[in-house]
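Q: In the order they appear, the protein sequences are chains A and B.
Residue 121 in our numbering sits at position 121 of the first sequence, with consecutive numbering throughout.
Residue 135 in our numbering sits at position 135 of the second sequence, with consecutive numbering throughout.
Watch out, some of these pointers could steer you wrong.
Claimed, not checked - With a cut-off of at most 27 Å between alpha-carbon atoms, the simulated BS3-like pairs for lysine-lysine come out as follows: (1) B/LYS74 - A/LYS277; (2) A/LYS277 - B/LYS138; (3) A/LYS266 - B/LYS277; (4) A/LYS61 - A/LYS97; (5) B/LYS74 - A/LYS224; (6) A/LYS4 - A/LYS138; (7) B/LYS266 - A/LYS277; (8) A/LYS45 - A/LYS96; (9) A/LYS266 - B/LYS224; (10) A/LYS138 - B/LYS266.
None of these hints come from the bench; they were simulated from the model.
There are 2 protein chains.
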Amino acid sequence: MPSKVRIALDAMGGDVGAAVVIPGAAISLHRHREIEFLLVGDRAKIEPELEKHPALKAASKIIHTDVAVAMHDKPSQALRRGRKTSSMWLAIDAVKKGEADVVISAGNTGALMAMSRFHLRTLPGIDRPAIAGVWPTKRGESVVLDLGAAIGGDAHHLVSLAVMGAAMASVLFDKPRPTVGLLNIGTEEIKGHEEIREAGDRLRAVNLPELDYLGFVEGDGIGKGLADVIVTEGFSGNIALKAAEGTARQMAELLRNEMQRSWLSKLGYLLARSAFKALRDKMDPNKSNGGVFLGLNGIVVKSHGGISSEGFAYAIDVGYEMAHYDLLNKINQMLNREGGALSSVQTAQEAVS
Amino acid sequence: MPSKVRIALDAMGGDVGAAVVIPGAAISLHRHREIEFLLVGDRAKIEPELEKHPALKAASKIIHTDVAVAMHDKPSQALRRGRKTSSMWLAIDAVKKGEADVVISAGNTGALMAMSRFHLRTLPGIDRPAIAGVWPTKRGESVVLDLGAAIGGDAHHLVSLAVMGAAMASVLFDKPRPTVGLLNIGTEEIKGHEEIREAGDRLRAVNLPELDYLGFVEGDGIGKGLADVIVTEGFSGNIALKAAEGTARQMAELLRNEMQRSWLSKLGYLLARSAFKALRDKMDPNKSNGGVFLGLNGIVVKSHGGISSEGFAYAIDVGYEMAHYDLLNKINQMLNREGGALSSVQTAQEAVS
Chain A
1 MPSKVRIALD AMGGDVGAAV VIPGAAISLH RHREIEFLLV GDRAKIEPEL EKHPALKAAS
61 KIIHTDVAVA MHDKPSQALR RGRKTSSMWL AIDAVKKGEA DVVISAGNTG ALMAMSRFHL
121 RTLPGIDRPA IAGVWPTKRG ESVVLDLGAA IGGDAHHLVS LAVMGAAMAS VLFDKPRPTV
181 GLLNIGTEEI KGHEEIREAG DRLRAVNLPE LDYLGFVEGD GIGKGLADVI VTEGFSGNIA
241 LKAAEGTARQ MAELLRNEMQ RSWLSKLGYL LARSAFKALR DKMDPNKSNG GVFLGLNGIV
301 VKSHGGISSE GFAYAIDVGY EMAHYDLLNK INQMLNREGG ALSSVQTAQE AVS
Chain B
1 MPSKVRIALD AMGGDVGAAV VIPGAAISLH RHREIEFLLV GDRAKIEPEL EKHPALKAAS
61 KIIHTDVAVA MHDKPSQALR RGRKTSSMWL AIDAVKKGEA DVVISAGNTG ALMAMSRFHL
121 RTLPGIDRPA IAGVWPTKRG ESVVLDLGAA IGGDAHHLVS LAVMGAAMAS VLFDKPRPTV
181 GLLNIGTEEI KGHEEIREAG DRLRAVNLPE LDYLGFVEGD GIGKGLADVI VTEGFSGNIA
241 LKAAEGTARQ MAELLRNEMQ RSWLSKLGYL LARSAFKALR DKMDPNKSNG GVFLGLNGIV
301 VKSHGGISSE GFAYAIDVGY EMAHYDLLNK INQMLNREGG ALSSVQTAQE AVS
């Protein structure tokens, strides 16, 4: 029998709030019976939704607050107005106090990151947290990070991302030694930013037991599934993610429009419905929903704001996996142990030069 | 009657060489009767192809050389071995000498850039050339640059890219004042690298008559066609391009595979053939083929190496437009005139701070 996994939900987060969050929790609970939920938010909005899902009601506690961070609040505003009172803060606080193993919010990303960082603090050896996402590929799925939390970064930062991403991939994909690639604009060793080359050299030199460093991967290598983990700093990670999402949406729209142009193609669409459904399922942003904040003393999962209950349930699933397989401890162990190894490589290089 | 446009083709460039380049030239000549071609390469390989295309033969001169830059040559190797002798160099040399208005090669990008830079030199005020591409969008097409020529860059570099990209867009899309956006990871003014914010401030302050600066554009804004010109430094530009290309290919493959799964969907595919063809046409890399090197004393167009004759013809079309509408002079005029304006803005800002 697996042990309980305690999940704190910001029930006010997202474009809709409780009416998406609560049904989402019910869907995920159906898949993972051992979840216990802390539902943080306005009792008057949570309880009517909860009445529709008796199993969820039985597995949940409500933490009431009528303060909510707005989707358009700036991080500084959110911290000023919502600290210690908002549903977002109190959900994070449950992790801080050890009352929950993971917190999930569809609230605004900047505010969630600012509050998480402020309250949970970064892990020893980590300066800036990262956002990691699950990217659908030709071969299955890959973890890509950083999707936009921290712009730029030196070799040490990139190596930390590789370690944390590998820990997440090992949990999600059940692989003891996931493959890791560094995003770059060429696969030749001579290309790219100095810090990327240096990070590559370090990862190759330490040859960690928990990750298999493959080298550089170009932008189209992500979708090919060339590595289980793709590492880059937050600017290019965000650009890659948005460019890919934009292209997927653009193609889907184009196809839909073209399909409506003639009776023949409309009929063709009906006949090939299953193929389109499969395409939609595989490229569905709902399915890859759930950005994970890595590098904090606690696991924080960010769901898209404009998501369906199904999508939110997927974000809960991701949070569940992270907590169930103890991602945080894995990361800490790797950082503690390999932090020494990585530093010694650095020292060796410096001694040589 | 339009005047002649003289185009130098590296007939040995690309995975195939003359057997793609010559038929490609024939296709483009059919669309633009006023082109005169200089075909640079091995006469023994060019002439048999040329015999199949009498109209092209009549419009072409051959410059013979049996030296060719290999696709896997490093830029330094190419310069060492192929300088003054290779088909790539001699095609560039034709532009340098004023014997051609534009040069087009499907040869290796690094070698073409190194040779172009070495022989043509950069324009006054431009430190590093850029690669600009035409990106298919929901609204039509946009110019995106830099796609990977120069990594990083300050505000001055980004402003130069904006000016050159706007000149290219005005020529290609026949718009006197194309809209320009700076690629960033958020549309709020506070986000992003310092140099991007500074470039935005400068573009807004000078309010150029030749370009309409709109502000920041996120990665998914490119495909939405939010601006005629999208400006970014070469690392993130290359990542965005490759991520988008990868996603388009991934979706097309996925759809093709799904369509083969059942008799019904195969039949559906047949009926909706026109829709798929339209999709393929619009997202076809052949159609957006033709990266343009901007910032040199001469127009250089790079075609994909593994392209069809149709795709190569499109690259010639792009080169034709650039030369026909005198892109180089436009860029020079804008840089000369606006160089002063941009510097004075900088001075004004410095005086204030």
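Q: Are the hints correct? Go through all of them and say.
A: Structure-based check of all given hints:
no., hint, verdict
1, B/LYS74 - A/LYS277, "violated, 45 Å"
2, A/LYS277 - B/LYS138, "holds, 22 Å"
3, A/LYS266 - B/LYS277, "holds, 15 Å"
4, A/LYS61 - A/LYS97, "holds, 16 Å"
5, B/LYS74 - A/LYS224, "holds, 26 Å"
6, A/LYS4 - A/LYS138, "violated, 34 Å"
7, B/LYS266 - A/LYS277, "holds, 15 Å"
8, A/LYS45 - A/LYS96, "holds, 25 Å"
9, A/LYS266 - B/LYS224, "holds, 25 Å"
10, A/LYS138 - B/LYS266, "holds, 21 Å"
Comparing the model with each numbered hint stated earlier shows that hints 1 and 6 do not hold.
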